[in-house]
Amino acid sequence: MKQSVFSIPDRETGNHQVIGAVGYRQQGSSFNGPLLHDFELIVLVICDRMDPYSVQIEHCISGSIRYQIKYIAQQDLLQWSISGESRELIRYFLHGEIFWEEHGKVTELRSRMIALEADMWDHRKLKEFSGFLRTYVQAKQYAQEHDYMDAYYNMLQSLKHYARIELISRGIIPENSIWEQIRELNTEVYKLFDELTDSKESLEQRIELVLIACDFFVTSRMKECCQALLHIIGSRKEPWRIQELTEHPELKYIREDIPLLIRKLVYRSFVRQTSARAEERLGEGREIRYWL
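Going by the UniProt record's numbering, the letters in the sequence shown line up with residues 1 to 292, in that order.
For the record, the hints were derived by calculation from the structure and aren't laboratory data. Check the hints yourself; a few may be wrong.
Unchecked claim - Pairs of lysine-lysine, DSBU-like flavour, derived with a Cα cap of 35 Å:
1. Lys-70 x Lys-140
2. Lys-70 x Lys-252
3. Lys-160 x Lys-140
4. Lys-191 x Lys-237
In this text the structure is predicted, and so the values were computed from the model without any measurement.
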């Protein structure tokens, strides 16, 4: 279908700096996920910069064709490639038809994302380990407070992250039906899931047993799962301030968990710490910085 059929915004539309548009058509009557709904087509309008107060999404019709327009910043597409998020949108962008582009910028962006794909496994593993560690620590705290229902919920979330790590380690992209995927591999994490959800032990005993296994997972797999973070820390000679790491563009997707990850890495001696003269606002204190 030609671009002129649709009300696809050009580069002057609104306050967005548009570099092109990609259309993905629904195949027949097959279901293509929640983003397409019952539309025949989704049009991704790729922007170099987006104004958060301008239109982000539109529902349109041309003749008998219903379609959805979604505005996306190219930086978000690159970030999702790193983190493994928004996989539907990534698929639509990579496999859709380029309706138009400015100076080949959409084609260039596609090439960059395909090239990045081979190097993204470490980042995806780091993202899942970050989620695993956060929910595991929370489950441990709830268990110590004898709040076993909240501990159970967090333990389930922790095991889902653990399961995704196992799949990623095998070069398998995790799907929504994570336990169906992992059951076929007969891994330790599925046995832990079964132990937590279907054991005859008391809830307290089940949580304690799974926590012990997760303790071992943290000890044995932390360095492997944190390679993307360790690579960034080792990329320069000067020690890093914690604020620098939380603001690093390649670590945006785990920003809130970086302090916890760093302290665990220091405790396991994978990261070293040093102190430096602090700014005056910290009084007599010295600022801790991190290096390999």
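Taking the hints in turn, this is what the structure says about them:
1. Our distance criterion of 35 Å between C-alpha atoms is broken by Lys-70 and Lys-140, whose separation comes to about 41 Å.
2. A C-alpha spacing of about 23 Å is found between Lys-70 and Lys-252, which places the hinted pair at or below 35 Å, so the restraint holds.
3. Taken as a hint, the Lys-160 and Lys-140 pair is honoured in the structure, with Cα atoms around 16 Å apart against an allowance of 35 Å.
4. Proximity of Lys-191 to Lys-237 is assessed by CA-CA distance (about 43 Å); at most 35 Å being required, the pair is judged violated.
Violated hints for the displayed structure, listed by number in ascending order: 1, 4.
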